[in-house]
Amino acid sequence: MPGELTLWGLAASGLMVGVAVVLSLWRGLGLSRSILWAALRALVQLLVIGLALDLVIDRDRPLVLSWAWVVAMVLFAAWTTRRRAPEVPGGFTLSLLAYTASSVVSLGVLFGFSIFPLEGRTIVPLAGMVIGNSLASTVLVGRRIIDELSEQRDVVEARLALGRTATEAARPHLRAAVRTALIPQIETTKAVGIVFLPGTMVGLILAGADPLAAVRVQVAVMYLVLGSVATTTTVVALGLSRRVFTPDHRLVRLHPARQ
Amino acid sequence: MGDTVAVPSPPLQPPGLFDFEQVWVCDGDAVILRDVDVTVPEGGITVIRGPSGSGKSTLLRLCNRLEIPSRGRVLLRGRDLATLDPVALRRRVGMVFQTPTPFPGTVLDNLRVAADMDPPAAARLLERVGLPAELLDRDAATLSGGEAQRMCLARTLATGCEVLLADESTSSLDPAAARVLEELVAQLAAAGTTVLWVTHDEAQCERIATHTLFLDHGRVVGGSLAR
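Protein sequence lines correspond, in order, to chains A and B. At position 161 of the first sequence the residue is numbered 178 (our numbering), and the sequence of numbers has no breaks. At position 170 of the second sequence the residue is numbered 175 (our numbering), and the sequence of numbers has no breaks.
Next up, chain B with everything else stripped away, as it sits in the complex:
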């Protein structure tokens, strides 16, 4: 080969935590997400906001493979999620749902669905979410909405996840319980857990967001992460 001129390669953009590459999600004829092309960075709280039916929850569920793209791909630190073991992925990327989802049994039984643990370890976990250790033996079905949602957060944290997905997790709670959960999640983010938080509440978004992404009719229409 003759002499060649070294062409400087373009600066490599470091991959985000999640990279959505031209992602479409369709259900039959209905398009739920269309051409979403966005990078969610590591750290902080990324708030995904938009009206009902805008595709926020679907975007979140793509991150732990409860949904898969119809077209395009989602990367986690540069690796295509489709190539990762979904069971292992979901232990790294935990999720708290819109309404509390207690399983039958006691609070301790619930925590043990996520991980084997003895009562002292379970009590420490409850303490992290501001619940007293006495609740361990309570039937989970008898908890208040706020307590049940905090137990669900503790259950998710029991997996040792490094990312937390929260799908309108305060929408079924009264304002006081919602603020408690917000503060807990803010503390987790400050301690290094990356949080993706779905909401349609503008005031909540302003209170907690480090980064924002606004969706409407399945498209990214704004926010600090919009390209």
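With the rest of the complex left out, here is chain A:
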């Protein structure tokens, strides 16, 4: 395959890890062990994943293995979200719902419109893009909502005290939190090609693909990510607004993470 990286090439790229270690030692950052550990861990994790993917996405394997992989990714992402944002009530269930919804919508569009062929080779990486890129935004929107409603509790309750419903009282705060979580993704989408060349495209070009073909794939992936981030953040925001208010329109006691 053109552009295939040899083992020698892989080892040589490790020189850059050496540069990072040397810089850390020189400036007394105390990060050299962490850098080495991170580099080694990434190598082992990716090798294991590569071997596993090789087994799962083989054309002769049943697609159910790929879908099982997607389910595992969704579960792991929900667990990670819960761990990173423990202050969000029902964080695991909510994020599980959000990742499931965005996977169903995104993969439904991609495969329903035959944008990509439905096979193991496409299911697992595309689902990984959807879930992986939504994770940070999902954590952010959950934390932001809890912070916002805690800090602005008086304002929320002032709306409730005027006879507004919980949905109406929460709306401005949810909007602010979803905007905060979505704006970085929108900015990334706007800056693509000018400020940086995205990973999918770089990978395809390095692997020898035609640049314009690589661009087409990249654009589809970026739209996929934008849509899935919007879906997960919205699902979390709507779900969380039901959790933090009682059916009789009271704001429950919240426990935001200490700054």
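Keep in mind that the hints were calculated from the coordinates and are not lab data. Given the structure is predicted, the values throughout are model-derived calculations rather than measurements. By construction, the Cβ of each residue, glycine as well, lies at the ideal position given by its N, Cα and C atoms. The reader is advised that the hints may include incorrect statements.
What follows is a list of derived Cβ distance ranges for each label pair [stated by the list, open to error]:
no., chain 1, residue 1, chain 2, residue 2, range
1, A, Thr206, B, Arg143, 37 to 45 Å
2, A, Ala55, B, Ala146, 40 to 48 Å
3, A, Val236, B, Thr147, 29 to 37 Å
4, B, Val226, A, Gly149, 54 to 62 Å
Just some of the chain A residues that point at chain B, by a computed CB distance under 10 Å [what the hints assert, rightly or not]:
no., residue
5, Asp164
6, Ser167
7, Glu168
8, Val172
9, Ala175
10, Pro189
11, Thr217
12, Asp265
13, His266
14, Arg267
15, Leu268
16, Arg270
We have chain A already, so just place chain B on it with the hints.
Below, chain B without anything else, positioned relative to chain A:
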């Protein structure tokens, strides 16, 4: 059935505006209110006084169901608050908070959160709380503390509430602005609005109170309404 002797029933005590019946409020292991059994009458200004953490605000928030009792019940004119629609209840029982709570937007936008109204109606409402109509187009975030709290009072009055709850509403204001708000609330009470006013300020209590209720560590410990 044979002859029975008619036993005169005891004189029915008319329900107060709010009846607290053996009300407890707990948050986990912490007891915020314990066995509060008191009647708040219709009309006038009932001042609820006590040190910080005595449960005054919680008692007030029970009246518009921003809090609910862990045990016991609260009645409004004899009807259990738990059976009333909380959204409709809160339009009858308005509340002004400790610090001003302006919403984003102009003063008119703020008033319209409470009720649909045209600018002349909004100007009349501002006039009721002693604010000039020119403020309608001002960004609410730029008002002084006193102006913002009066706007919040106007916003609450826009719901047409018959009861006003004031939770230490002058504590963030300078003395002059606090006196203006006190006078406004006294006028509202004289015009028929029942006011429940929470404060820890003894002098203020003496100035405005029609009835008093003193709390300490979640218990009623005195005041004209104590049983």
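field: Status of the A/Arg267 interface restraint (C-beta, 10 Å, chain B)
entry: A/Arg267 check passes; min Cβ-Cβ to chain B is 6 Å, inside 10 Å.
query: Is the interface hint for A/Asp164 satisfied, with its Cβ closer than 10 Å to some Cβ of chain B?
result: 17 Å, violated
task: Have a go at the A/Ala175 hint: is there a Cβ in chain B nearer than 10 Å to its own Cβ?
output: Holds, about 4 Å.
query: Holds or violated: is there a CB of chain B closer than 10 Å to the CB of A/His266?
result: With Cβ-Cβ at 5 Å, under 10 Å, it holds.
message: Interface hint check: A/Ser167, Cβ to nearest Cβ on chain B, cutoff 10 Å. Holds or violated?
response: For A/Ser167, the interface hint is violated, since the closest Cβ of chain B sits about 15 Å away, which is over 10 Å.
- request: Double-check A/Thr217 for me: the hint is only fine if its C-beta lies closer than 10 Å to a C-beta in chain B.
  value: 40 Å, violated
message: Please check whether A/Pro189 passes as an interface residue: C-beta within 10 Å of a C-beta belonging to chain B.
response: Holds. Min distance 7 Å.
- prompt: Is the distance from the Cβ of B/Val226 to the Cβ of A/Gly149 consistent with 54 to 62 Å?
  reply: At roughly 60 Å between Cβ atoms, A/Gly149 and B/Val226 fall inside 54 to 62 Å, so the hint holds.
Hint validity - A/Arg270 Cβ closer than 10 Å to any chain B Cβ: 7 Å, holds
- prompt: Is 40 to 48 Å right for how far apart the beta carbons of A/Ala55 and B/Ala146 are?
  reply: Since the Cβ atoms of A/Ala55 and B/Ala146 sit about 45 Å apart, the hinted range of 40 to 48 Å holds.
field: Supplied contact hint for A/Leu268, tested at 10 Å Cβ to chain B
entry: 8 Å, holds
task: Using the beta carbons of A/Thr206 and B/Arg143, state whether their distance is inside 37 to 45 Å or not.
output: 38 Å, holds
When held up to the earlier numbered hints, the structure conflicts with 3, 5, 6, 7, 11 and fits the remainder.
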